Amino acid sequence: MAKNIRNFSIVAHIDHGKSTLADRLLEYTGALSAREMTEQVLDSMDLERERGITIKAHAVRLLYTSIDGKEYILNLIDTPGHVDFSYEVSRSLASCEGALLVVDASQGVQAQTLANAHLALEHNLEIIPLINKIDLPGADPEKTKKQIEDTIGIDCSEAILASAKEGIGTREVLEAVVKKIPPPEGVDDKPLKALIFDSWFDNYQGVIVLLRVFEGKIIAGKKIKLMATGSVYEVFQVGIFSPKMEQVPELSSGEVGYIIAGIKSVTDTKIGDTITDADNPVQSPCPGYRDIKPMVFCGLYPVASYQYENLRNALNKLRLNDASFTYEPETSLALGFGFRCGFLGLLHMEIVKERLEREFDLSLLSTAPTVVYRVKKTDGKIFSIDNPALLPEKCDAIEEPFVLLMIFVPGEYLGSILDLCQEKRGVQKNFTFIGKDKVKVEYEMPLNEILWDFYNRLKSLSKGYASMDYDFIGYRSSNLVKLNVLINGEVVDALSLIVHTDQAYVKGRELAEKLREIIPRQMYEVVIQAAVGNKIIARESVKALRKDVLAKCYGGDITRKRKLLEKQREGKKRMKQVGRVELPQEAFLAVLKVK
Amino acid sequence: MPDSLYIHIPFCIRKCIYCDFFSVPYDKSAAQAYIEALCWELILKKDSAQALKTVYIGGGTPSLLPDECLTQLFICLKDNFSFSSDIEITIEANPGTINESKINTLFSLGVNRLSIGIQSFNDNELKVLGRIHSSEDALISIEMIKNAGLNNFSVDLMYGIPGQTMESWKDSLLKASGGSPRHISTYELTVEENTPLSRFIESGEVIIPDEDLILEMYNYAIDYLGGCGYKQYEISNFAMPGFECMHNLNYWDRGEYIGAGAGAHSFINEIRSINTKDIKSYIEILTEGKSVEMEPIRLFPPEALKEFIFLGLRKIKGININTPICIPPLIRGDIRGCNSILDASKELTTEGYLEFDRGYLRLTRKGLVISNTVIVKLFEKLGL
Chain A
1 MAKNIRNFSI VAHIDHGKST LADRLLEYTG ALSAREMTEQ VLDSMDLERE RGITIKAHAV
61 RLLYTSIDGK EYILNLIDTP GHVDFSYEVS RSLASCEGAL LVVDASQGVQ AQTLANAHLA
121 LEHNLEIIPL INKIDLPGAD PEKTKKQIED TIGIDCSEAI LASAKEGIGT REVLEAVVKK
181 IPPPEGVDDK PLKALIFDSW FDNYQGVIVL LRVFEGKIIA GKKIKLMATG SVYEVFQVGI
241 FSPKMEQVPE LSSGEVGYII AGIKSVTDTK IGDTITDADN PVQSPCPGYR DIKPMVFCGL
301 YPVASYQYEN LRNALNKLRL NDASFTYEPE TSLALGFGFR CGFLGLLHME IVKERLEREF
361 DLSLLSTAPT VVYRVKKTDG KIFSIDNPAL LPEKCDAIEE PFVLLMIFVP GEYLGSILDL
421 CQEKRGVQKN FTFIGKDKVK VEYEMPLNEI LWDFYNRLKS LSKGYASMDY DFIGYRSSNL
481 VKLNVLINGE VVDALSLIVH TDQAYVKGRE LAEKLREIIP RQMYEVVIQA AVGNKIIARE
541 SVKALRKDVL AKCYGGDITR KRKLLEKQRE GKKRMKQVGR VELPQEAFLA VLKVK
Chain B
596 MPDSLYIHIP FCIRKCIYCD FFSVPYDKSA AQAYIEALCW ELILKKDSAQ ALKTVYIGGG
656 TPSLLPDECL TQLFICLKDN FSFSSDIEIT IEANPGTINE SKINTLFSLG VNRLSIGIQS
716 FNDNELKVLG RIHSSEDALI SIEMIKNAGL NNFSVDLMYG IPGQTMESWK DSLLKASGGS
776 PRHISTYELT VEENTPLSRF IESGEVIIPD EDLILEMYNY AIDYLGGCGY KQYEISNFAM
836 PGFECMHNLN YWDRGEYIGA GAGAHSFINE IRSINTKDIK SYIEILTEGK SVEMEPIRLF
896 PPEALKEFIF LGLRKIKGIN INTPICIPPL IRGDIRGCNS ILDASKELTT EGYLEFDRGY
956 LRLTRKGLVI SNTVIVKLFE KLGL
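Protein chains in written order, with the numbering used here: chain A, 1 to 595; chain B, 596 to 979.
Check the hints yourself; a few may be wrong.
[Stated by the list, open to error] Calculated lysine-lysine pairs in the BS3-like style (CA-CA distance at most 25 Å, straight line):
# : chain 1 : residue 1 : chain 2 : residue 2
1 : B       : 765       : A       : 547
2 : A       : 561       : B       : 765
3 : B       : 912       : B       : 875
4 : A       : 70        : A       : 146
5 : A       : 561       : B       : 623
6 : B       : 673       : B       : 648
In short, the hints are calculated from the structure, not lab data. Predicted model, so just to flag it, every value in this text is computed and none were measured.
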C-alpha cells in the first residue's frame, strides 16, 4: 500500500519559481482545472501572494498515473520560503522522503538555495535538482548545474530543465518524483506516531492539524495524545487536501493529511510535536522537536489610545493562527499602553503588523525591532530583556545573540559587502569562490545588526544580486550601552536603543539628525538630544513653525480650504503626542534609517 | 435667500505661471457664446436671490470682455435681479486691458468698484510672474480710473515673488498707496502643484524668498499700510474705513451666495456646489436649459462649525462667540456650541495665538501668521 506514495517538498530561493511549479503540478495532475486555478493556489493568503512568498506550509495530495501505468499518490508539502520560518521548513522536510530543489537558470545558486538544500540533506532526503526559467534570455542551465554540483555536491547530470511558467518539464518532474524518491517506510499495525508540521485555526472547525503519519494509523474516534504538551483529544475528522478539503476514512503510515480533534488553540498544536495513541503511546517521539522562541521584539502601540482594546483583541485572534508570535502588555511613558511582541524574525514582524492593520483596521505605532539581551546585574543575577528601555544603568555584563550569516555575492560587489559586514561588527569565518564570478562569505555577526537596515543595504550595494541566510549560534558578551533620546529634555523611552560602545557617538549623532528631518515643525522649538548615561552626545533642533502660507482664500471656493485644513488635521491624528511634541510614526523607526 | 452674486469670466490673454485657477485663452467669438450661456444661467437662477447687495465679476480677466458683452451681461442682470440701493458691484481688471472708454462703459453700466490685479510695481517681478503689463501700465491704469471719477478701487499686490527683495516690496507698497486706492489686498505667492511656477522651483530656475523674508514683508505691510490709514480687516486685506469688500466679507461671514459661470461656486441652504468647469459643456448644458451645478455637498453641523471657525478667524475682528445669533442655525443646535469654542481655545489664548475680547475670539498677530496651524489645533481641541 505504502509503495505508491511519494512525499515531497519543493525548496528554492525566493522568486526562483517554487509556487509557480506547484501550480503546474496541480494543474497537470488534474487536482485543479486550469479554469479553477487562481494563480498560485498554495499561497492562499492575500499577503503571501502580494509579497510573492509562502508564509505558511500547506499540503496537497495529487493523483498521478505514471508512464509505468500505475497510479501514485503524491503528497506535495509546500514550505515557507524565508529564513524566519526555517524551523517550520525543517518540520515540513522531516515529513518527506524527497525534495525538488528549484534553481533559477539565470540567477544560479543563492543563499537560501544552499540553506534549504543543506536542510534537506540533513533530513536524508532524495534531492532532485530542477533548473527553472530556462526560457528566459539570461538562462544558463549548464553553469547553474555546475554551481549546484560545486556548492551542494549533488549530481546534476539528470537535473530537470524546466520553465514552470511555460509548463515545460512538468511531466519530467512528476516522473522523477515517482522514480527517484523512495516510498515511505513504516507499518500500520504499530502504535500511532505522526508528526505535526502545520496547524491553523478555522472559525467553524477549530484547529486543523496537518500531519505526516510515520507508524500506525489515525481514524475518527481515536483518542490521541500530543506528546510535547501531554494533552489528549478525540479525533472527529480525518482528511486530505486535494487541494479541496476531503474527508477520508483513515490516514495510515506514510500518508499525509489533516485531522480535526476539537483543539481550541494552535498554541496546543506545536509544530514538530508528535501525535500518538493516548492509550498505547510510542516510546520516543519524532526527533527534532523544538519549542521555538521569538528572536525579534518590538513594541506595538495604537496611535489612538482608545484602540488599545481593539489591538488586544486583534492580537488574541491572530495568535489563534500563529503560535510563533508572542505578546505581553507593556506601558511606555511616551506611548502609553501597548504590547511587547515577539517574532521569529523581521519578515514575520512585518507580516503580523501588516495583518493587524489591514485585517483589523488598526493604526499602529511600532518601536524599532530589538533582540533579547541577557544582562548580568552587579549582584550576579542574570535576566533577559526584550525592551532596551529596561536595561539598568549599571550592570556587569551584557550578552547578545549572534548568528552565522552566509552571503552569496557576485565578485564585483564583494568589496562593498565586506565593508558592510565589517561595519556591522561581523567577523569573517569563511570565504569561498563559487565558479569564477561568485563568492560565498560567512560572518559571525550580532543578530541586532541584521535588524537595522542590513538586508536593504545588502541588496542596494549589490544591485539586488547578493542573497543571505543565517543561523542562530548563541549568546556572546558584547560591550554594549544604552542610548537614550531626549525630546525637549525628557527621555522618550520608546526611542531608547542598545548599541555597541564604539558606535554610540556616531549612532547618537545620526539618530538625532534623522529625527530632525522626520519631526515636522511645530508651534514650539523641538530639541532632540541623544545621551549615553548622563552624557549628552548629540543635539539637534527643529525650529518653531513661524508661518503658514498666507494665501488668498479663493473666491467662494470654501470647500478647497476646508479640505486642506482637514488634511492637515488627519496628518495630526496619525501622530503621537509625546509631552507637547507631536511625533510622526516613522520617528520611532528612525534608527532603522541610521547607518 | 442669498443677496450675493459671483460671476466668473474664465478668459485670460495668457496664463500667469502661478495660476491654477480656471481660465482659457481669450477669443472674441468664444466670449460671446459664453456670455450668451451665462445669461441663460442667470435667468435660471433669477428667483433664488433676494435684492442683491453685492455682485462680483471675477476671473480670469473680466476686463477683457468687449463692451457689447459687458452690456449684454448687465442688461440681463438688471432684467432678472433687483439691486439693493447700496449695492457693491466689483469687477476685476488687469492693467493693459483697460482704457478710458472701457472704464466709462463699466461706470455707466453700474460698476462701482474695481479690483486691479497689479501684483507688483517692479518690472522684473512682473516678468517672472508672466504678467502682461509693466509697472508703467499699472500707474497709468490707476490714473485713468481716478480720472474717470471712480475712487472706490482696490489694488492687489503680491509678496514672495522670485527675486523680490524687501526694498522692492516697500516700493510696491509705496506706489500702491500713493495711488490712494480705498482698498489694498496683499497675497503671498502660493506655489500650487502642477503650475509652471512649481516646475521652475523644482528645477531651480527660480528661487522664492525664504520664510523669514516673507514674514518680514507681511509684517511690514500690516504696519506700513496701517500707518497710511488702511486698516487690516482680514489676513490679506486692508481698507480705508467703510471700504471693506462687502462681497468677500460675506464669504467669511459664511453668508449665502450664488455663483454663475463656468467653475463658479455657490452656497445656498447649507449646500456648496460648483458649476462645470469645461466651457464647452457649460454652454451645451445651458443651451439645453439644464443646470450646470455639480458635486453638491451638503454641510452638516461639524463641517459647518469648522467653516464658521476657519472663515471667521480670517477676519481681524474674529468670530463672535457670545451672541449665538451669528452662529448659523444648523450649528446652533449642535452640542459643541459657543462655550466649547471658548474652552477649546484656552491653551491657544494663554500661549498668545488667540485672544478673546468683548465676545470676539480672534487671531493675534503671532497667530495670524500660522493661522492654519492654530485653526487645526482648535479643531483638535473641539474634537472636530
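Verification of the hints:
1. Between the alpha carbons of residue 765 of chain B and residue 547 of chain A the distance comes to roughly 20 Å, so the proposed pair stays at or under 25 Å and holds.
2. Of the supplied pair hints, the one linking residue 561 of chain A and residue 765 of chain B is violated, its CA atoms being roughly 30 Å apart against a limit of 25 Å.
3. A distance of roughly 42 Å separates the Cα atoms of residue 912 of chain B and residue 875 of chain B; the hinted pair therefore is violated under the 25 Å criterion.
4. For the proposed pair residue 70 of chain A and residue 146 of chain A, the alpha carbon gap of about 34 Å is over 25 Å, so the pair is violated.
5. This hinted pair does not check out: residue 561 of chain A and residue 623 of chain B have alpha carbons roughly 33 Å apart, beyond 25 Å.
6. For the suggested pair residue 673 of chain B and residue 648 of chain B, the alpha carbons sit about 13 Å apart, so the restraint of at most 25 Å is met.
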